[in-house]
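K.L.:
Each chain is listed here by its residues.
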Amino acid sequence: MKFSDLVQRLGIEIVNTSLAKHPDVDPDLLNIAAIDQSQPGTLSFIDGNRFSHWIHTTQADGLILPCDPQLQSVATARDIAWIATAQPRFLFAQALSHFYRPWRLAPTIDPTAVIHPTASLGTAVSIGAHSVIHERSQIGEGACIHANCVLYPEVDIGDRSVLHANCVIHERSQIGADCVIHSGAVIGAEGFGFVPTDQGWYKMPQSGMTVLEENVEVGCNTTIDRPAVGETRIGRGTKIDNLVQVAHGCQIGPNCVLVGQVGLAGHVELGPGVVLGGQVGVADYLKIGKGAIATARAGITKNIAAGTMISGFPAMPTKLWLKMMAALRKLPLSKSKV
Amino acid sequence: MKFSDLVQRLGIEIVNTSLAKHPDVDPDLLNIAAIDQSQPGTLSFIDGNRFSHWIHTTQADGLILPCDPQLQSVATARDIAWIATAQPRFLFAQALSHFYRPWRLAPTIDPTAVIHPTASLGTAVSIGAHSVIHERSQIGEGACIHANCVLYPEVDIGDRSVLHANCVIHERSQIGADCVIHSGAVIGAEGFGFVPTDQGWYKMPQSGMTVLEENVEVGCNTTIDRPAVGETRIGRGTKIDNLVQVAHGCQIGPNCVLVGQVGLAGHVELGPGVVLGGQVGVADYLKIGKGAIATARAGITKNIAAGTMISGFPAMPTKLWLKMMAALRKLPLSKSKV
Amino acid sequence: MKFSDLVQRLGIEIVNTSLAKHPDVDPDLLNIAAIDQSQPGTLSFIDGNRFSHWIHTTQADGLILPCDPQLQSVATARDIAWIATAQPRFLFAQALSHFYRPWRLAPTIDPTAVIHPTASLGTAVSIGAHSVIHERSQIGEGACIHANCVLYPEVDIGDRSVLHANCVIHERSQIGADCVIHSGAVIGAEGFGFVPTDQGWYKMPQSGMTVLEENVEVGCNTTIDRPAVGETRIGRGTKIDNLVQVAHGCQIGPNCVLVGQVGLAGHVELGPGVVLGGQVGVADYLKIGKGAIATARAGITKNIAAGTMISGFPAMPTKLWLKMMAALRKLPLSKSKV
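Chains as they are written, first to last, in the numbering used here: chain A, 11 to 348; chain B, 11 to 348; chain C, 11 to 348.
Hints are supplied without guarantee of correctness; some may be wrong.
Because identical chains cannot be distinguished in the list, a pair is counted as satisfied if it fits within a single copy or across any two copies.
As the list claims (entries may be wrong) - Computed cross-link-like contacts, EDC-like style, restricted to lysine to aspartate or glutamate with a CA-CA straight-line distance of at most 20 Å:
#: 1; residue 1: K213; residue 2: D166
#: 2; residue 1: K297; residue 2: D46
#: 3; residue 1: K213; residue 2: D188
#: 4; residue 1: K12; residue 2: D38
#: 5; residue 1: K213; residue 2: D169
#: 6; residue 1: K300; residue 2: D208
#: 7; residue 1: K31; residue 2: D78
#: 8; residue 1: K340; residue 2: E164
#: 9; residue 1: K329; residue 2: D208
#: 10; residue 1: K300; residue 2: E279
#: 11; residue 1: K213; residue 2: E224
#: 12; residue 1: K31; residue 2: E223
#: 13; residue 1: K213; residue 2: E223
#: 14; residue 1: K312; residue 2: D89
#: 15; residue 1: K12; residue 2: D89
#: 16; residue 1: K213; residue 2: D89
Please keep in mind that the hints were generated in silico from the structure rather than gathered at the bench.
Kindly generate the complete structure, drawing on both the sequences and the hints.
P.N.:
Structural data, given as structure tokens:
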């Protein structure tokens, strides 16, 4: 693809481009690469300071740059074609989809799939080999169920949603449209509910259900349980990484992000746009307000107000935690003075 | 179901009921719900202070209450039928099983299952589609193996145990009667044993086995390894949540609880009734005494005496940890005074 | 097996043996056991102080001992045949392989496997029941794919590598020779990349690939993602335990060890021989130098120099952390004096 073709396709997000003054510098772009691995014929991008020094040495023939005249002039001087935008990473993501399309199953039903006669399949669905779809489940139009998935009864999969290989979706779960469930994830299994008795732990039946609204993504081997009564609900646009545990009855707002190995205990509520860094844990029944951010490993033991940034365990405002950690590092020294 | 019918079925645990004085308040119960989501026609419960204020506004027509005259009189005044018991959550769990029965496979063997001729199946077993049972494995009477499970050779599954979809049970594992293994769990895989040598890590063969005694529950995508020699053993009645790691050679007592994302290193011993909160970690070869409780995220680096409650990392008595954390939060302040 | 036969087979690593002076003490060894579980007829070993007191009471008929004359003389006095070596655990691992061979699938292709006609299979491969191999994948000579695995297109599995049941290997992944992928692991799935926009999280396409070099071992239900561009790479001889998360773009050196539940954020680089204890977390883009060791639960927030031992969160030199923790425990006391 010519650089100028790409510019035309991406048009709307572009603030400026080298083509304006140097239309003759219009390389063929064969591939796309990270800035530190770029080769001749590749398109790459620079976003933020971490990688800006690469402007002097990159082999890329095309670059997506921030609105930074200095980077732009170096690129021009090095005969690199460039596009400038307020959000280079976003434009790179869009450009990438012109070079790469993820593989998907053809819209057919593999003859080895076992599909209950009461299940209903929309048009143009793909059902991979050895998948099992139990009674009264419904698969929306254009949905893709990869190999070896199991859908328990009365599962509802929304239009165009993709289930990667070896997922299990338990009874009564509802997966909205345009969701992606990655390999090995388990949705809607029985919550971990036991009542202590003199004869040991008595199992609380788990009659509830799990709902994923539209455009939710769930990572590999992540588990999202259903509750004893009521719902576990994941709001639209929420993205969940690998190996995350969402316990029974959680209510997760729209557009949240849960990074790898996060653990939510039962009945946690996350407001819209909450971001939980890797390995964060949240105790049961807590509420975390809109837009709050917990940095990696925070252990949350109290309700968190909207817009707060928190860290540490027990989690506290990030600024306080940083001061506390600084004071703590001096502690062995100060004690030895005494 | 009439409220009075339910009372009759649950009889033994009931201390008092509104029917004694108001037998005419005997609603039809259609469903069961959490107190904060209850509707007309539902049964709900109140247990502890967190939810007791709902007594004034709940729409439920029936309630399970603690032995608290005040809650009972408000319920009576609001024409809500109620039962009082010392353990409302326990009674609610029992009531729930009169409204809800979990789906299970019919007791048949799916024709797509691959079962080695030397495997032996008890009466009334269910084997789901595409499950694979290797040589000399034994499936007890009434056991249910859901779709896409794999049993390596010489596995023993006890009577009435349930394996949910996509579980893997490795060679020589013994699963007792009345166990539940949730979707994606892996039992009895090779322990993580490597010996450092000049040529890299040399693999220790893992010739041991994993034993689950009766009435054990193992969560989704949880992993329980076997050791190089000897056994990994999970005591009867122990309940393990999702995404828990139990390394080779652990000896877990009866009636323990391991909440989500707990990790046990090799050869850990838990006494009877030990409770480990979410994301707790335990270092190898440690012993934790009967009835000890580790709160969520504790990182246990020493043996723990029976009956102790511990927290933090390195784990210490919870009271000490709370004081320490309080002192720590004041540290930045006290230092800035100096 | 006679003790003397075993000595002959293990010969090269042996420094000394009781046979030199007492060739008549040459028991039949029927089995192998941990020192605290040894019975008559078993071979066992002692390595380090934790177990040396067992020398006085063990029932074992044969022992692998360190080069410690005292232990050796007690063994001799008790008529136990022994071998002494600089690395008892290493010799025990080698001895174990004379008593135990792991089960493996016969080198046949199960008729229920679904293999795309464009896939290529080396000689003597084993393909288990219900495994699915998509287009253009290649399986090396003698490789073993257990039941219910799924290989997406263009996957390359090296000679003699073993994939245990229910693994998923995503498109373009390359698994080197002599690797072991344990049950439920997911290799090469889409990295967790989303760009914040006014309309929510925009998905970064994940066009990269995941490479495992030779002799890598990956634990049960572990997840190793592929990046947007470029590679995630696991160096030869690296061993990864269960439930570990390796995010997109990580570069892991040869012979590293990642213990259970470790989490690496995106683009982390580990030098050769790095060891990360259980539940360690590493923030994105960090570099950890050759031979560095992070003790269990360390939370790494900065680059780490080669050869360093670190602990705690934020991770710091282990010695400093130990001092800090000691000072911290005294804090409640010292404050109450003020």
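K.L.:
Are the hints correct? Go through all of them and say.
P.N.:
Quick rundown of the hints versus the structure:
no.	hint	in the structure
1	K213 with D166	neither (27 Å within a copy, 24 Å between copies)
2	K297 with D46	between (41 Å within a copy, 15 Å between copies)
3	K213 with D188	between (35 Å within a copy, 12 Å between copies)
4	K12 with D38	within (5 Å within a copy, 72 Å between copies)
5	K213 with D169	between (35 Å within a copy, 18 Å between copies)
6	K300 with D208	between (42 Å within a copy, 15 Å between copies)
7	K31 with D78	within (16 Å within a copy, 80 Å between copies)
8	K340 with E164	neither (59 Å within a copy, 54 Å between copies)
9	K329 with D208	neither (47 Å within a copy, 27 Å between copies)
10	K300 with E279	within (10 Å within a copy, 34 Å between copies)
11	K213 with E224	between (32 Å within a copy, 14 Å between copies)
12	K31 with E223	neither (47 Å within a copy, 47 Å between copies)
13	K213 with E223	between (29 Å within a copy, 17 Å between copies)
14	K312 with D89	neither (55 Å within a copy, 36 Å between copies)
15	K12 with D89	within (15 Å within a copy, 76 Å between copies)
16	K213 with D89	neither (69 Å within a copy, 31 Å between copies)
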